[in-house]
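Q: The lines below spell out each chain.
Number of protein chains: 2
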Amino acid sequence: MSTAEETAGGETQPWGEVTPDAARRLLVAAVEAFAERGYHATTTRDIAGRAGMSPAALYIHYKTKEELLHRISRIGHEKALRVLRTAAEGEGTPTERLAEAVRSFVRWHAGQHTVARVVQYELDALGPDARAEIVALRRQNDSTVREIIEDGVAAGEFDVPDVKGTTLAVLSLCIDVARWFNVNGPRTPDEVGALYADLVLRMVGAEK
Amino acid sequence: MSTAEETAGGETQPWGEVTPDAARRLLVAAVEAFAERGYHATTTRDIAGRAGMSPAALYIHYKTKEELLHRISRIGHEKALRVLRTAAEGEGTPTERLAEAVRSFVRWHAGQHTVARVVQYELDALGPDARAEIVALRRQNDSTVREIIEDGVAAGEFDVPDVKGTTLAVLSLCIDVARWFNVNGPRTPDEVGALYADLVLRMVGAEK
Numbered sequence: 017m018s019t020a021e022e023t024a025g026g027e028t029q030p031w032g033e034v035t036p037d038a039a040r041r042l043l044v045a046a047v048e049a050f051a052e053r054g055y056h057a058t059t060t061r062d063i064a065g066r067a068g069m070s071p072a073a074l075y076i077h078y079k080t081k082e083e084l085l086h087r088i089s090r091i092g093h094e095k096a097l098r099v100l101r102t103a104a105e106g107e108g109t110p111t112e113r114l115a116e117a118v119r120s121f122v123r124w125h126a127g128q129h130t131v132a133r134v135v136q137y138e139l140d141a142l143g144p145d146a147r148a149e150i151v152a153l154r155r156q157n158d159s160t161v162r163e164i165i166e167d168g169v170a171a172g173e174f175d176v177p178d179v180k181g182t183t184l185a186v187l188s189l190c191i192d193v194a195r196w197f198n199v200n201g202p203r204t205p206d207e208v209g210a211l212y213a214d215l216v217l218r219m220v221g222a223e224k
Numbered sequence: 017m018s019t020a021e022e023t024a025g026g027e028t029q030p031w032g033e034v035t036p037d038a039a040r041r042l043l044v045a046a047v048e049a050f051a052e053r054g055y056h057a058t059t060t061r062d063i064a065g066r067a068g069m070s071p072a073a074l075y076i077h078y079k080t081k082e083e084l085l086h087r088i089s090r091i092g093h094e095k096a097l098r099v100l101r102t103a104a105e106g107e108g109t110p111t112e113r114l115a116e117a118v119r120s121f122v123r124w125h126a127g128q129h130t131v132a133r134v135v136q137y138e139l140d141a142l143g144p145d146a147r148a149e150i151v152a153l154r155r156q157n158d159s160t161v162r163e164i165i166e167d168g169v170a171a172g173e174f175d176v177p178d179v180k181g182t183t184l185a186v187l188s189l190c191i192d193v194a195r196w197f198n199v200n201g202p203r204t205p206d207e208v209g210a211l212y213a214d215l216v217l218r219m220v221g222a223e224k
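As given, the protein sequences belong to chains A and B, one line each in that order.
Under our numbering, think of the first position of the first sequence as 17, with each following residue one higher.
Under our numbering, think of the first position of the second sequence as 17, with each following residue one higher.
Keep in mind that the hints were calculated from the coordinates and are not lab data.
All figures in this text were calculated on a predicted structure; none of them were measured in a lab.
Here a beta-carbon is modelled for each residue, glycine too, at the ideal position from N, C-alpha and C.
Among the hints, erroneous ones may be present.
Just a few of them, taken from the derived set where beta-carbon distance is under 10 angstroms, the chain B residues facing chain A [what the hints assert, rightly or not]:
no., residue
1, Ala-51
2, Tyr-75
3, Glu-138
4, Ala-141
5, Leu-142
6, Gly-181
7, Ser-188
8, Trp-196
9, Arg-203
10, Asp-214
11, Leu-215
12, Val-216
13, Glu-223
Taking the hints into account, I'd like the entire structure generated from these sequences.
A: Put into C-alpha cells, the structure is as follows:
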C-alpha cells in the first residue's frame, strides 16, 4: 500500500505485529495481489515475486495461499474490532461513545480500504475453520455496537425500534466506506467520519 | 442464480432483454463464474462450459471476457437506475418518494445480490471506455437520489446540512445490502427495505 493511504487513514499499517520482516512483506504483497487480481487468480509465486522473494522462501512462512488470506483476514478483523472497542469502552455518554465508534471505524475503513476490501470480498475463499473464526470476530463487532445502542436506549438518549437491524445498518454503512473511498476524492477519512457520526446519531434518534 | 434468489428479490432476472437465448445463458453463466472465482480467475472456456456450450459458440456472441463483464455491468446498472427513477418520479411528497426509492433499491440489491456484487467488485477490470460509461450511469443514480433530497429540503420536509454527503451515504447503505444479504437470513428483502426506508428518513430529518 502507498504512503498516501497510510497517511489518509491516520493509521499505521496493521501488520506491525507480524514478524519476521519477510513474513510481513509477504502479507503486504498478498494484500496487493488479492486486491488487484482476486484471490483465485493469484498464485503463491505471484506473491513471492512481488515481495522480491522465491516461492521456496514463501513456504518457510506460509504453507498455503489460504493461510495468507486467513492471516490477513484475522489481523484485519482484530484491528477493526480493537478500534471499535476502544471507542465503545471510552468515557462519555452513549451518544458520545457511538459517535466516536463510528468516527474511528470509518477512519479505519477509509485508511485501510485495500485490506478491508480483500477481507470483505474474499471471505468465501476461506475454509470452514478459518471462516468460523472470522465470523466469530464479526459477531464481536456486532455486539460492541449493539451494546452502545442498548445503553443509549436504556439511558433514554436514543429512540430505536429495531436495535438489531439498526446495528446491522450502522456497521454496513461504515464497512462500505472501504468500497467507495478514494484517496484522491473530495473528503478525508476524518471528514467522512464526522459526517457519518452525525448521520448515525440521527438514525438512533439521539438528542442533540 | 437460484429460483430462491429470484423469488426473494421479487424481481425477475435482469437479463430478459438479452437475446438470443444462448447470449442470455452465457451472461447468467458469467455472473455465476465471476461471483464464485472472480473475474481474473475465470476463463471464457469456464463460462462456455457452465452454459453447456463450446468456446467457439461463445465467441459468436461475445468477443472477449471483458465484453461479458461490460454487458453485465451495463444491464445491472441500467436496471437499478430504472428501479430508482420509477420511485423518484412517482406521485407523493419527497418523504414518500425517498422512502419508496430506498425500499425498491434495497429490494433490488437483496434480490439481485450476486449480480450486484460482480458489478461492484469487478469495476476495476473494465477498460477505460466501458468504465466511463458505467461511471456515468452511477452519477445518474446519485442525481436521482440527490434531487429527491433537494426537493424535501426545499419543501421544508427534510433538514439536511450536507446534501451531497447524505446522498452518498444513502446509496452506500442500500448498495452494501448486496454484500451481507443472505437468502437464508432472518429478514426478507421487503423487511430490509422497510427498515432502511425508516432509517433513511431519520438521516434526512424527515417529519413523521
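Q: Where does the structure disagree with the numbered hints, that is, which hint numbers, in rising order?
A: 2, 5 and 13
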